[in-house]
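Quick note, the sequences are listed as chains A and B, same order.
Per the numbering used here, the first sequence starts with residue 1, numbered consecutively.
Per the numbering used here, the second sequence starts with residue 163, numbered consecutively.
I should point out that these hints are in silico values taken from the structure, not numbers from a laboratory.
Among the clues, some could well be false.
Which bits of chain A does chain B cover? Going by a derived footprint, with three or more residues having C-beta under 8 angstroms, they are [to be verified]: (1) 71-85; (2) 93-100; (3) 115-128.
Beta carbons: idealized from backbone N, C-alpha and C, even for Gly.
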Amino acid sequence: MRWIWIDRFEEFESGRRAVAVKNVTLAEDYLHDHFPGYPVMPASLLIEGMAQTAGILVGEANNFSEKVILAKVKRAVFYSLVTPGQQVRHEATLEQMSGAAAMTSGRIFCGAELVGEVDMVFSHIDQNISGLEFPEENFVFTDEFMALLKTYREQGGARVSL
Amino acid sequence: MPTPSKEEIFGKVRETLVEALSVEEDEVTEDATLTGDLGAESIDFLDIVFRLEKTFGIKIPQEELIPRDILSNPDYVQNKKMNEVGLKALRESMPHADLTAFEADPDIDKISDVFTVRTIVRFVESKLNAA
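The shape of chain A in the complex, shown without the other chains (with noise of 0.2 angstroms):
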């Protein structure tokens, strides 16, 4: 299984907004154990889901020069369970955004119900107050997340850099 929690990104204001949807099915086996007879996507992983939209949000917004890592979940309000055969929609919205940091707000939506909201801050890890350094190399920004803006870039979407 791959780690990528989302499908497509179907909005993409750079520097503002960026609405991606994930497929949820019974072809993932994370399903079959959580929990068995009765499979209900984590909420660990919606909040994945948000965190890459939402990180790739920033990521763009400087051109991916930073790395972009999750920092701390501010806030994460559930209020329905997510099924196999649901398609989840992450909205993330940049709030605000340093050299060192960024911080976003985001609602998931089943359809048209509400069934999350997830507040987050991330870092730019080589601006980090503790001066640690890290690999040269952008090991966030991977090729499977950049080809998911390829791809919406593709089908038409506003423009975004790559």
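Take the given structure of chain A and dock chain B to it, following the hints.
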């Protein structure tokens, strides 16, 4: 807009820290240190800075709050101790901070104790007065 009083700033800073660090209101005293007493990690500082910027409508460059160029300068810090020249630079760069305890024992690992709630309140106050 009139500059809020020190009490108003403290009230809003306290509210910010309660939300950012999930601490109780009565834990946020003026003398409380952010890392030691309130359990903040370096990552929480990013969150706190964003919240303060939003609450007070100010901009907080990271170097103004935490002058890393001074703290990591080998001319100022040797064997994890900050020398007199470094302390002078620190005083000039952080006029909002009470450095008395750090000056007595300038162990670089103890710099986080400088970040008390009072330091944050005074920092915000100086930013609001400068605006």
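### Task
Would you list, in rising numerical order, the hints stated earlier that this structure does not obey?
Hint check: nothing fails, all pass.
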